[in-house]
Amino acid sequence: MNITKRSKIIMILLILLIVISSFIIYKIIHFNNAIQDSQHSKQTVATQHKIKAQKPISIAIFGVDSDATRAKTHTGQRTDTIVIASINPQNEKTELISVPRDTYSEIPGIEGHEKMAHAYAYGGPKLAMESLRQNLNVPIDGYMTVDMDGFQQLIDLCDGVTVTSNATFNYNGSNFKEGKKVTLSGDKALDYVRSRKETGAGGDEGRTARQRQVIEALGKKLNQSNSLITLNRILKVTENNVQTNLSLGDLKSLYSNYKPALKNMHKATIDGENLIEDDGIWYFEANEDDKSVKINNYKNNLK
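First residue of the sequence shown: 1, per the numbering used here; consecutive thereafter.
Simulated from the structure, these hints should not be mistaken for laboratory data. Note that this is a predicted model, so its numbers are computed, not measured. Possibly wrong hints are sitting among the right ones.
Calculated cross-link-like contacts (lysine to aspartate or glutamate; reagent style EDC-like; alpha-carbon spacing at most 16 Å) [what the hints assert, rightly or not]:
1. K115 <-> E216
2. K115 <-> D149
3. K188 <-> E239
4. K126 <-> E106
5. K188 <-> D156
6. K197 <-> E106
7. K294 <-> D271
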C-alpha cells in the first residue's frame with residue numbers, strides 16, 4: 001500500500017469514527033503526501049471549495065451489506081444504515097440524523113414509491129445522495145460508505161466489543177437480554193445491530209440505538225490499539241470496506257479544522273410509524289411535524 005493511499009485510509013478512519021461516535025482511533029500528526037485527483041465532478045469541486053473555506057458541509061454516511069461484486073460496482077448493495085451529518089466549524093456543532101431505511105420515498109428515475117434504502121441498490125451512492133436531497137430537502141456534499149463486513153472484521157481484530165443490550169430479543173440464534181452486559185464477537189455484533197423486526201427488538205429505532213452502541217464501543221477499542229501489526233491490519237480492513245468521494249486533502253482539512261464541531265454532536269432520529277401502503281408493502285412513514293423540526297435544525301446548522 002503506498003503512503004498516499006495509506007494516509008487517505010487513516011483519515012477516513014479518523015473522520016468516520018469521529019463523525020459517528022466522537023472517538024479518535026489513534027493519534028497521527030504528520031502527513032507528507034497530498035492526493036490530487038485528475039477528474040472531479042462539479043459537485044465534488046464545490047465541496048472541496050467549501051471545506052477549504054471552512055464552511056458548513058453536509059455528508060451522507062451509508063452502512064451497506066454487500067459481496068465483492070456489489071461493492072466493486074456500487075450496485076445491488078443493501079443499505080442497512082443511513083445517517084446524514086451537517087458539520088459547522090463556525091458554531092462548532094454537528095447535527096446527525098438517522099434516516100430509517102424503510103422510509104417511504106420517491107427515488108429519482110424510479111416509478112412509484114420505494115424504501116429509501118433501495119436507492120443505493122439501484123444506483124449506488126450517487127442516486128442515494130440524490131434521493132436524500134429530494135426527499136428530505138437537504139443538501140448533500142459528499143458521502144462515506146462502510147461495508148458492514150468491515151465492522152465485523154474490525155471487531156474481531158479488537159477481540160470483540162462490550163455493550164449493554166438495550167432490548168430482549170433473539171436474532172439468527174443469538175439471544176440478547178435487556179440490561180445485560182455482553183462482549184460481542186464480530187458475527188454476534190452484526191446479529192445485534194441487524195435486528196429490528198424480531199419480537200422485542202424495537203424496530204428501526206431500537207436497531208439505530210444498537211448500531212450507535214457498537215460503533216462507539218468499537219471506537220474505544222480502536223483507540224486502545226497501539227500494536228503496529230494491529231494498526232496495519234485495521235488499515236487493510238478499512239481499505240477494503242470503506243469508500244468516499246472525499247479526497248485526502250478534504251479529509252485532512254475536516255480532521256484539522258472541523259474537529260471541535262465533530263466532537264460536539266446532536267443526534268436525532270426521525271419519528272414516525274410503520275404502515276402498509278397500497279402496494280401491500282411495509283414502509284416507515286415519517287411524522288411530518290417531527291421531520292420538519294429536525295430537518296430545520298439540520299439545515300440551520302449549515303448557515
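So, going through the hints one by one against the coordinates:
no.: 1; hint: K115 <-> E216; in the structure: violated (27 Å)
no.: 2; hint: K115 <-> D149; in the structure: violated (23 Å)
no.: 3; hint: K188 <-> E239; in the structure: violated (23 Å)
no.: 4; hint: K126 <-> E106; in the structure: holds (15 Å)
no.: 5; hint: K188 <-> D156; in the structure: holds (10 Å)
no.: 6; hint: K197 <-> E106; in the structure: violated (23 Å)
no.: 7; hint: K294 <-> D271; in the structure: holds (10 Å)
The earlier numbered hints that this structure contradicts are 1, 2, 3, 6.
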